[in-house]
Amino acid sequence: MPTTFRIWRGDATKGEFKDYTAEAGEGMVVLDAVHQIQATQAPDLACRWNCKAGKCGSCSAEINGMPKLMCMTRLDDLPEGETVIVEPMQAFPLVKDLVTDVSWNYEVKKRIKKFQPRKPDNADGTWTMQQDDADRVQEFRKCIECFLCQDVCHVLRDHHKHADFIGPRFLVHTAQLEMNPLDTADRVPELKKDFGIGYCNITKCCTKVCPEHIHITDNAIIPLKERVVDEFYDPVMKLIQLVFKPRKKAEE
Amino acid sequence: MAGTPLPVLPPPAPRSFGQTSRRDKWWLQPLLVFAGLGSFLVYANWAALQGVHYTHGPYLSPFYSPEIFGSSPHAWFGPQPGWWPAWLPFSPALFILWAPAGFRLTCYYYRGAYYKAFWADPPNCAVGEPRKGYIGESNWPLRIMNIHRYFLYVALLFILMLAYDAVQAFWFKDENGKGGFGVGVGSLVLTLNVILLSGYTLGCHSLRHLVGGIKDCMSESPTCQKMYKGCSALNKRHMMWAWISLVGVMFADVYVRLCSMGIWKDIRIL
Ligand code: SF4
Ligand code: SF4
Ligand code: FES
Ligand code: FES
Chain S
8 MPTTFRIWRG DATKGEFKDY TAEAGEGMVV LDAVHQIQAT QAPDLACRWN
58 CKAGKCGSCS AEINGMPKLM CMTRLDDLPE GETVIVEPMQ AFPLVKDLVT
108 DVSWNYEVKK RIKKFQPRKP DNADGTWTMQ QDDADRVQEF RKCIECFLCQ
158 DVCHVLRDHH KHADFIGPRF LVHTAQLEMN PLDTADRVPE LKKDFGIGYC
208 NITKCCTKVC PEHIHITDNA IIPLKERVVD EFYDPVMKLI QLVFKPRKKA
258 EE
Chain R
2 MAGTPLPVLP PPAPRSFGQT SRRDKWWLQP LLVFAGLGSF LVYANWAALQ
52 GVHYTHGPYL SPFYSPEIFG SSPHAWFGPQ PGWWPAWLPF SPALFILWAP
102 AGFRLTCYYY RGAYYKAFWA DPPNCAVGEP RKGYIGESNW PLRIMNIHRY
152 FLYVALLFIL MLAYDAVQAF WFKDENGKGG FGVGVGSLVL TLNVILLSGY
202 TLGCHSLRHL VGGIKDCMSE SPTCQKMYKG CSALNKRHMM WAWISLVGVM
252 FADVYVRLCS MGIWKDIRIL
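Protein chains in written order, with this note's numbering: chain S, 8 to 259; chain R, 2 to 271.
A hint or two may mislead.
As the list claims (entries may be wrong) - Examples of chain R residues toward chain S, derived with CB under 8 Å:
#1 R16
#2 R23
#3 D217
Said to hold, decoys possible - Computed list of lysine-lysine pairs in BS3-like fashion (alpha-carbon distance at most 25 Å, straight line):
#4 R:K216 / S:K200
#5 R:K237 / S:K215
#6 S:K126 / R:K216
#7 S:K252 / R:K216
#8 S:K245 / R:K216
#9 S:K252 / R:K227
#10 R:K216 / S:K120
#11 S:K117 / S:K200
#12 S:K215 / R:K26
For the record, the hints were derived by calculation from the structure and aren't laboratory data. C-beta: ideal position from N, C-alpha, C; glycine also.
Work out the full structure: start from the sequences and follow the hints.
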């Protein structure tokens, strides 16, 4: 069935939507259609992709207004007979057509304290961990760094707080390090001051778009917000922690 | 690199209010939340200011429990205190409703929901916003939301008190003032109300943090781990619990009110 695709063409300075027609076959995804258009009508159409299996996180774009992986969006899941709108991500600078410059994210990641494991538990230099404790952070390791959550987050997308807020992807990353049972570094003060966790107003759009179904808001952001409360807003908890046990065990 | 400021990006073209390429009914969900919470607010305020028809037999409306001062036999410290200013309408609900109201107002689920539905921040995911400036919860006034766990402590006490009311609702007095066990539809309504409120309160994000989430090695204390797992199970459906407990508590008030007004008849099952 011939389907119209309205694709954004242009670069950082100017651009416009152009309509193309592609033959939508059974089981096809948006990325297939984009490739078909590249092959038959627009050889200069720029799009980034790699695995076509929803695992490399390269083909992020916006399809009918929602951030999605092009390779995982099936045409038969979109409204039948309607034009399909394909745009680049809005939260990052445009390079060309569907390709955005996501390098801001790599810079942000460098600013988060690395994993600092405690001294090995065993003589052979290994650690002992319980499966249950590992499970909690395991969820966050599923992230494929597609940055769709960063794109949909209104703090970055609409309010452009890139200089003050690290975005949901890196709150997930911080949670992964911070909740790791072996880790000894404390990232809570940064979360409040430099990483801007307070900007998140828990509207859960990040969770909605995550192709790995990570419960970004419920399992990463809110638990981190609670740790910020422990440290900065709850005098009783602060006192308890001072008297009994510091939240992070410092390296002996 | 830790400690260096976050990199800055050139600002993109501004987006106008409601601007989006979404073609689905993105406005429907915030509209439903607006209608749902809005109706509850209107009803709750009206019901709280009535000051009458909040008890029926052994039943006490959850909007009025605990009744600290009031004219019903449920009151702890007797009728309206003398120091209550004459110009202020008196209702026993005014003494206590701040607690559940504050709890729900600062609840993580409701915050996300009403920021969207009442403040369009954002109207829905990937839809342009009406305002340019934004501080979110990073500063005052919304920084106050961090107080949520303190409301949680009060809410947990309220669950106990409402559970006590539910037990009382199975104890009917006859004309001679002699009490005996019985079951009315109202007893079941008040019991269900406590169950729903517990499902909501025990799935609270702050509670989930306090009982276990605060620890990185939860396995070190099996009790914490068990509580965390229970809390997490409820927390997964926190939104559902938030809504059904809201409807439940409102229905419990409506039930007691209509029985007290003589519009509904409370059916005795036992
Ligand atoms: S929940 Fe927070 S981080 Fe996620 S999209 Fe909303 S504001 Fe952004
Ligand atoms: S958290 Fe999910 S949406 Fe965000 S970058 Fe990772 S996989 Fe993508
Ligand atoms: S091409 Fe790898 S995620 Fe789509
Ligand atoms: S987060 Fe909803 S009640 Fe605490």
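Hint by hint, here is what the structure shows:
At its closest, the beta carbon of R:R16 sits 6 Å from a beta carbon of chain S; the interface hint therefore holds under the 8 Å criterion. With 8 Å as the threshold, the beta carbon of R:R23 comes within range of chain S, its nearest partner Cβ sitting at about 3 Å, so the hint holds. With 8 Å as the threshold, the beta carbon of R:D217 comes within range of chain S, its nearest partner Cβ sitting at about 5 Å, so the hint holds. Simply put, R:K216 and S:K200 have alpha-carbon atoms about 22 Å apart, close enough for the 25 Å limit, and the pair holds.
Straight-line distance between C-alpha atoms of R:K237 and S:K215 comes to about 14 Å, which keeps the hinted pair within the 25 Å bound. Distance hint between S:K126 and R:K216 is fulfilled; the C-alpha atoms sit about 19 Å from each other, no more than 25 Å. At roughly 11 Å between alpha-carbon atoms, S:K252 and R:K216 fall within 25 Å of each other, so this suggested pair holds. For the proposed pair S:K245 and R:K216, the alpha carbon gap of about 15 Å is at most 25 Å, so the pair holds.
Restraint check for S:K252 and R:K227: the C-alpha separation of about 21 Å stays at or below 25 Å, so the hint holds. Pair hint R:K216 plus S:K120 holds up; C-alpha atoms about 19 Å apart against a cutoff of 25 Å. For the suggested pair S:K117 and S:K200, the alpha carbons sit about 17 Å apart, so the restraint of at most 25 Å is met. Proposed proximity of S:K215 and R:K26 is supported: the alpha carbons are some 16 Å apart, at most 25 Å.
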